[in-house]
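Residues per chain, in single letters:
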Amino acid sequence: MSKYNLDYLDELEAEAIHILREVAGQFEKPALLFSGGKDSITLVRLAEKAFRPGKFPFPLVHIDTGHNFEETITYRDKMIERIGEKLIVGSVQDSIDQGKVVEQKGKNASRNSLQTVTLLDTIAAHGFDACIGGARRDEEKARAKERIFSVRDEFGQWDPKRQRPELWNIYNGKIHKGENVRVFPISNWTELDVWNYIRRENIELPSIYFAHERDVITRNGQLMAASPFLNMDDEDIVEHKKVRFRTVGDMSCTAAVESDADQLEDIIAEISASKISERGARMDDKVSEAAMEDRKKGGYF
Amino acid sequence: MNLLKFFTAGSVDDGKSTLIGRLLYDTDSILADQLEALQQSNRKNDDGSIDLAILTDGLRAEREQGITIDVAYKYFQTEKRKFIIADTPGHIQYTRNMITGASTAKLAIILIDARNGVIEQTIRHSYLVSLLGIEHVVVCLNKMDMVDFSEEVFNTITDKYKTLAANLSLKDVTFIPISALKGDNVVNESEHMPWYKGQSLLHFLENVDVETGPDYNLARMPVQWVVRPQTDELHDYRGYAGRVLSGSFNVNDKVTVLPSGTSSVIERIEIFDQTPSEVHAGQSVTLHLRDNIDISRGDVLVNSDHLPQNSQLIEADVCWMDKRPLDESITYLLQHNSKVTKCKVREIIHKVDINTLEKQEAYDFKLNDIGRIIIKTADALAFDFYTDNKANGAAILIDSRTNLTVAALMFRAVAD
Chain A
1 MSKYNLDYLD
11 ELEAEAIHIL
21 REVAGQFEKP
31 ALLFSGGKDS
41 ITLVRLAEKA
51 FRPGKFPFPL
61 VHIDTGHNFE
71 ETITYRDKMI
81 ERIGEKLIVG
91 SVQDSIDQGK
101 VVEQKGKNAS
111 RNSLQTVTLL
121 DTIAAHGFDA
131 CIGGARRDEE
141 KARAKERIFS
151 VRDEFGQWDP
161 KRQRPELWNI
171 YNGKIHKGEN
181 VRVFPISNWT
191 ELDVWNYIRR
201 ENIELPSIYF
211 AHERDVITRN
221 GQLMAASPFL
231 NMDDEDIVEH
241 KKVRFRTVGD
251 MSCTAAVESD
261 ADQLEDIIAE
271 ISASKISERG
281 ARMDDKVSEA
291 AMEDRKKGGY
301 F
Chain B
1001 MNLLKFFTAG
1011 SVDDGKSTLI
1021 GRLLYDTDSI
1031 LADQLEALQQ
1041 SNRKNDDGSI
1051 DLAILTDGLR
1061 AEREQGITID
1071 VAYKYFQTEK
1081 RKFIIADTPG
1091 HIQYTRNMIT
1101 GASTAKLAII
1111 LIDARNGVIE
1121 QTIRHSYLVS
1131 LLGIEHVVVC
1141 LNKMDMVDFS
1151 EEVFNTITDK
1161 YKTLAANLSL
1171 KDVTFIPISA
1181 LKGDNVVNES
1191 EHMPWYKGQS
1201 LLHFLENVDV
1211 ETGPDYNLAR
1221 MPVQWVVRPQ
1231 TDELHDYRGY
1241 AGRVLSGSFN
1251 VNDKVTVLPS
1261 GTSSVIERIE
1271 IFDQTPSEVH
1281 AGQSVTLHLR
1291 DNIDISRGDV
1301 LVNSDHLPQN
1311 SQLIEADVCW
1321 MDKRPLDESI
1331 TYLLQHNSKV
1341 TKCKVREIIH
1351 KVDINTLEKQ
1361 EAYDFKLNDI
1371 GRIIIKTADA
1381 LAFDFYTDNK
1391 ANGAAILIDS
1401 RTNLTVAALM
1411 FRAVAD
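Going down the list, the protein sequences come from chains A and B.
According to the numbering used here, the stretch in the first sequence is residues 1 to 301, in order.
According to the numbering used here, the stretch in the second sequence is residues 1001 to 1416, in order.
Honestly, the hints are just simulated from the structure, not real lab data.
There's no promise every hint is true.
What the hints assert, rightly or not - Keeping only pairs whose Cα atoms sit at most 27 Å apart, straight-line, the calculated BS3-like set for lysine-lysine is: (1) B/Lys1323 - A/Lys29; (2) B/Lys1344 - A/Lys174; (3) B/Lys1323 - A/Lys174; (4) A/Lys100 - B/Lys1323; (5) B/Lys1390 - B/Lys1005; (6) B/Lys1390 - A/Lys177; (7) A/Lys174 - B/Lys1254; (8) B/Lys1254 - A/Lys177; (9) B/Lys1342 - B/Lys1106; (10) B/Lys1376 - A/Lys161; (11) B/Lys1182 - A/Lys161; (12) B/Lys1182 - A/Lys49; (13) A/Lys177 - B/Lys1080; (14) A/Lys49 - B/Lys1323; (15) A/Lys174 - B/Lys1366; (16) B/Lys1254 - A/Lys161.
This is chain A alone, in the form it adopts within the complex (with noise of 0.2 Å):
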């Protein structure tokens, strides 16, 4: 008897196709959490190997801090057209003109955190159940700790002392009204994993992802693109560089690495030498070694 073997961006494909359609099946009212970068990206790809030739059985949904890249927009919108799926918005602004949130002061000022409100409060004013995210078990060692269901509480907040068993394949969903539950279809992937996905599929990125000129400014050794909304006084000096984002976050927040990769292939070489992890270019990761696991408690992604 011949033996088979599934190639592992195969199975994690299958695997992560599997988590997409338990959420469909287990949920009343699911969305799927879009941000514009390269995991979300995949999962709409993802569902769309899942559902087609039907619709997509959840809505797409952006947290606009309203600091995005203008290229990040500009792909989202023109995905939406193509997709023909519902997108819905929460804007971090609207929940800074009600007062809900406050803008942070000073020279690291970000939106980041505020996201959390903003979220929270979009997963309220439509009742999702269940919110379907990109994060990846290999970003950060408290998402390491992180169940592919995982139950929010009416608060948003992850518990992790108080994770369910997950056995198998076996997901459970079941949740009391208020709660909701993130699931993380590509937990198993790696960043590599994600390039190499992106590029068997064919599959069209934000041109930040690739290198590019800009005017950038250094700040705690990390390069920051330079823009409205950073808040910058004379000490920043204005540089302009061949850079690329390895990540994509908000603008106050996501660093650039100067590359000259301006195709697929590059990257993927780029990226399988580097000795640096994708969240190294993070801000939001470097206040403490706890960071990544007090903001999920807190509700964040």
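Given chain A, work out where chain B should sit, using these hints.
Frame of chain A, contents of chain B only:
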């Protein structure tokens, strides 16, 4: 390139986290900023070198207590294979978290401290490996540097373990003497143990054969979702979406839908824009049948010539995973793949003392207790015995008062 998921059983005292740290470190899988964070940490070994164990303890409480509480997943790859490590806790009070990590693994690494040999914990971990039917076992005798890299110590312990392995019917068992702290036989072969002629741990992990042959007998696919676009051009499109649990399906195979028992023939198989003529275990697919029959989520499609068991009364091994003990008076929910049905515990047959493996009479079942029970389900389940087909032989119990997953079940027999 394929993927191997394995888990590690042992405690921090056995050097479990150090071993994982060593595998990551010596395969160059730790990146500069992670290493920098490591160096800044206060936890150091006695000789001042980096404590590799911190790499895996992701929660504040774990770093504070210096123990692993919940399973953490780590990823690395070599030129030959990609690996997912489930780093599971070894302490008895976290048995349920170990089972979580072990349930999807194909290989188990059991760590033994060479100074202590086979201890109660080794028996417990090996019993769980046997219970969960993990296909491959690697026993790593760690801290060989503390016993002068002695061949005699190695032989004494392996002889003792072989008796245990035979009692537990463990198949494929491999023994490797290592020092996780010093790196002997983890990634690189040891210079200190010329008497050991086997492979290093990594070499073994890269080469162990985890492929399976197609098995049409066990063709099973639980329906997760019915794809019905209901548009003008796709008016009659009706696809049954699911992941092939086990075995293989071919176009023109005769299939039976359970629990209804209706039969049809596979007309077309789709994986998105492709239409393969056959699909195998692990693939997420959409099947189209020749006849228009009533099928919905929770039904399972199986090969008509090889039907699974079909019963409401089942004898199962159980691991209890909740603080609230088993209650024979209440109705639980049982989830078996995409099927959810009500369930009661009809009888407790016995409990196993997992340190001595003795079966005991039991009147209650508490957190981390393991034993055998008889359950009765509201709907008949289409299942296989766990020994024959893990993927269709396991289920979970959910307490509908709390919605928590309270037990893992492995089906062993039809009860009467």
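**Prompt:** Has the given pair, A/Lys100 with B/Lys1323, been kept, meaning a C-alpha gap of at most 27 Å?
**Reply:** Given pair A/Lys100, B/Lys1323 is violated - Cα atoms ~38 Å apart, limit 27 Å.
**Asked** Taken at face value, is the distance from the CA of A/Lys161 to the CA of B/Lys1376 at most 27 Å?
**Response** With Cα atoms ~32 Å apart, B/Lys1376 and A/Lys161 exceed 27 Å; violated.
**Asked** Is the hinted pair B/Lys1323 and A/Lys174 satisfied, with a Cα-Cα distance of at most 27 Å?
**Response** Distance of about 18 Å is within 27 Å: holds.
**Message:** So if I understand the rule, the pair passes when the alpha-carbon distance is 27 Å or less; does B/Lys1254 with A/Lys161 pass?
**Reply:** Roughly 47 Å between the alpha carbons, so the hint for B/Lys1254 and A/Lys161 is violated.
**Request:** Mind checking the alpha carbons of B/Lys1342 and B/Lys1106 for me, to see if they're no more than 27 Å apart?
**Result:** Roughly 31 Å between the alpha carbons, so the hint for B/Lys1342 and B/Lys1106 is violated.
**Request:** Compare the distance between the alpha carbons of B/Lys1323 and A/Lys29 with 27 Å, and conclude whether the hinted pair is satisfied.
**Result:** 30 Å, violated
**Prompt:** Are B/Lys1390 and B/Lys1005 close enough, with their CA atoms no more than 27 Å apart?
**Reply:** Distance of about 16 Å is within 27 Å: holds.
**Asked** Within a Cα-Cα threshold of 27 Å, do A/Lys49 and B/Lys1323 meet the stated pairing?
**Response** 40 Å, violated
**Item:** Restraint status (C-alpha distance of A/Lys174 to B/Lys1254 at most 27 Å)
**Value:** 35 Å, violated
**Asked** Can the restraint linking A/Lys174 and B/Lys1366 be considered satisfied, given a maximum Cα separation of 27 Å?
**Response** Status holds; Cα separation ~22 Å.
**Message:** Next pair to validate is B/Lys1344 with A/Lys174; report whether the Cα-Cα distance is within 27 Å.
**Reply:** 18 Å, holds
**Message:** So if I understand the rule, the pair passes when the alpha-carbon distance is 27 Å or less; does A/Lys177 with B/Lys1080 pass?
**Reply:** 47 Å, violated
Going down the numbered hints, you'll see the structure goes against 1, 4, 6, 7, 8, 9, 10, 11, 12, 13, 14 and 16, while the others check out.
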